[in-house]
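Which chain is which? The protein sequence lines are A and B, in order. Going letter by letter, the first sequence gives residues 1 to 405 in this note's numbering. Going letter by letter, the second sequence gives residues 1 to 405 in this note's numbering.
Do not take every clue at face value.
The list treats identical chains as one, so a pair stands whether inside a single copy or across any two.
Within a straight-line C-alpha distance of at most 25 angstroms, the following computed SDA-like cross-link-like pairs (lysine to any residue) qualify [what the hints assert, rightly or not]:
#, residue 1, residue 2
1, Lys76, Asp320
2, Lys154, Glu344
3, Lys395, Thr354
4, Lys51, Val78
5, Lys2, Lys154
6, Lys400, Gly347
7, Lys84, Thr357
8, Lys401, Asn36
9, Lys84, Glu73
10, Lys84, Leu100
11, Lys240, Ile96
12, Lys16, Tyr86
13, Lys395, Glu344
14, Lys76, Phe103
15, Lys215, Tyr257
16, Lys400, Leu322
17, Lys17, Ala158
18, Lys401, Glu300
19, Lys84, Thr312
20, Lys2, Leu100
21, Lys401, Glu340
22, Lys84, Tyr386
Note that these hints are calculated values from the structure, not bench results. If you're wondering where the values come from, they're calculated on a predicted model, not measured in any experiment.
Protein chains: 2
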Amino acid sequence: MKNKLYFNSTHPTEEKKAFEAIEKEQHHVGYYNLPNQDTHVIVSYCATLSKEITTIAVIGIGGSSLGAKAVYEFMKPVKELSRKLYFFESTDPINITNLLSQFDMATTHFLVISKSGSTVETVSVYKYIFTLQNNPSAYTFITDPNSPLEKYAKSINASVLHLPDNVGGRFSVLSSVGLVPLALCGIDIEALLLGARKIKNSFFNDGYLKETLLKKAVYYAKNHAQYNINCIFAYSETLKYFCEWYVQLWGESLGKYQRHSAFHVGLTPIGLIGPKDQHSFLQLIMQGTRDKSLTFIKIEDFEDHIVIPDITLPHLEALDTLNNLPFSELINMQCDSALEALLEEGGIPLDMITINTVTEENMGALIFYYELLTSLVGELIDVNTYDQPGVEAGKIILKKKLQQG
Amino acid sequence: MKNKLYFNSTHPTEEKKAFEAIEKEQHHVGYYNLPNQDTHVIVSYCATLSKEITTIAVIGIGGSSLGAKAVYEFMKPVKELSRKLYFFESTDPINITNLLSQFDMATTHFLVISKSGSTVETVSVYKYIFTLQNNPSAYTFITDPNSPLEKYAKSINASVLHLPDNVGGRFSVLSSVGLVPLALCGIDIEALLLGARKIKNSFFNDGYLKETLLKKAVYYAKNHAQYNINCIFAYSETLKYFCEWYVQLWGESLGKYQRHSAFHVGLTPIGLIGPKDQHSFLQLIMQGTRDKSLTFIKIEDFEDHIVIPDITLPHLEALDTLNNLPFSELINMQCDSALEALLEEGGIPLDMITINTVTEENMGALIFYYELLTSLVGELIDVNTYDQPGVEAGKIILKKKLQQG
């Protein structure tokens, strides 16, 4: 992974302070350890699943589904996977009925994932599906030790796997929450962790990413009142769900009251896909309010070498400059052109992340890069990156409504 | 459709001024006429397509694909459609190869859609597909009269349909651009237009929506410096692509230099899906910077009556309050709970749009409601709602790169 910043930021004191804070918190915040984990429990568990199971269905929402979905949808178009993966992540009845019509219950294994073990959406959908498939061996539960869901799972003799200590939902993709569904589908989880480990080592052991990540985080934090929106502009359809994962990670981690002042702060995340969103959002970035920072993500080589054919269409000769161009090059030229146009326009903090191709290792790197960046920015804007107190109020109101119903 | 505002806005002078401007511009901006159009050309064209064609593939990007996709994905889970619809809307080679593997070329008809007739993405993908299927009768072209694409189409004796006068890409879903692919798949386009017509009549003929739309638009415009982000929070997975359509409509229409001052202005659009994004974005809305207005969209009756079964799970008895609840009711209780929690929190302009069920008529209403709102806000923040000069710079740079390549 490469990352080039197109803005200047030199604040050695803040950078040093942020680095020290992260170095300290890595000893008690669980996600920092995930790249170095021993996966044998996960691998052994996955080996127990019958070869006759052709479909894995995750029942989970938010942090319990977005990470695995990001990795799966990234790899699916380029890798022959061993099983299909579906996600029940809504209480929308049309969505539930529609998903159930797409696979055969008899050859499906369900992963019921809830950190707390009492997520309303997850338990509701599980109850419904359980009436259609009441064999406990069709289910594995992934939850925190001693959660009500674990106790329930044990009461029906179903398999249970745990989340590691102190890993929040939105930072859990590289734990059992993401690794189990992915490994069951034939995703190379060791490569995913290797990619994350390389970023971790580069950051903590004075590699090239340390300086870049610190400069970027300090710049975002110092300017967060002006640039209150942070966009990813990813030039590949394969990164669509990575963007959704990033939106949760960034939004839920950084939209908070400040710890020491109780001011509202936060950087709003937006995920864009190029070139499609050049025809949608680029106008706003280019000429709209100067409230956005923007990170391009580019894949150097798509390893799909289809080429625009060398044919001339009458009346469309002006577009013959496209002839013989691989689509892989065209899409990257489009990305570079958008970047250059925005640089010329000025006033928009830009950077470019480049990965060389679509592999698990590169996805692991992207994930860990964004987790580190989120932790750094959270520290610098003085919020608790790892809690989400703002979602409780709605849950309490729902609970009351349910009790009245 | 119902629309309830939870904020106060009383600015009769601005409301009157905005209404008069829109009444005036409806005579030369083409989209206002679309709900009243005569569809016989489209219907006759659709009748000519062989019953052996089972798949329609749109080659188009931005305004040429987002609208039809929004309607198709809304109706697909609830209606038995006569043909499948695919969208080639990227130059990502992995995406192109992957889409082509999903259907049979022999039973597919391609709609090549480009208003200008020289969109780089559309022509590139068309050239590639044309080498795989070189029968001109497998293609229909939808473009502006006398565009290079029309001239090309005529040179190969392929069918051509036109866009109506003065209809911009992002306002074109109710023209041939959206109606042709939708009608070919069995979507009821008359019902879609009826829904739009009802909103149009309510607005222009002193119906209940006139006051609501004007109040909302004036409020957004007056407060756009503070509330520079406008979110839709739609409680149904069926509205996912409607949100993408809205993002283009809003972002590309309203992110501009002002006409009379050349200041950068714009309201950034964000599309959210509930309850999923309660686990992602709600924290940021609740406790983050007070820079967002928020519109909930709720479907009163999903017409899918699956119910949470009346079973007690040991250790999860606390969730028995969910038992016997239809999912349709649960998701709407979740929507109401999020709204109430945000109302209690305060400081966030909220409103709720309710449609009664998933039908073409309701989608037509939503589309026209948002088009009118966009036009009103554009008028009030003093931009040209219908151009997109900011995307030209990148196109010029790409053109240079292509000539050098």
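For this session: Kindly indicate which numbered hints from before are broken by the structure, ordering the numbers from low to high.
Result: Violated hints (numbers, rising): 1, 2, 5, 8, 12, 17, 19, 20 and 22; every other hint is consistent with the structure.
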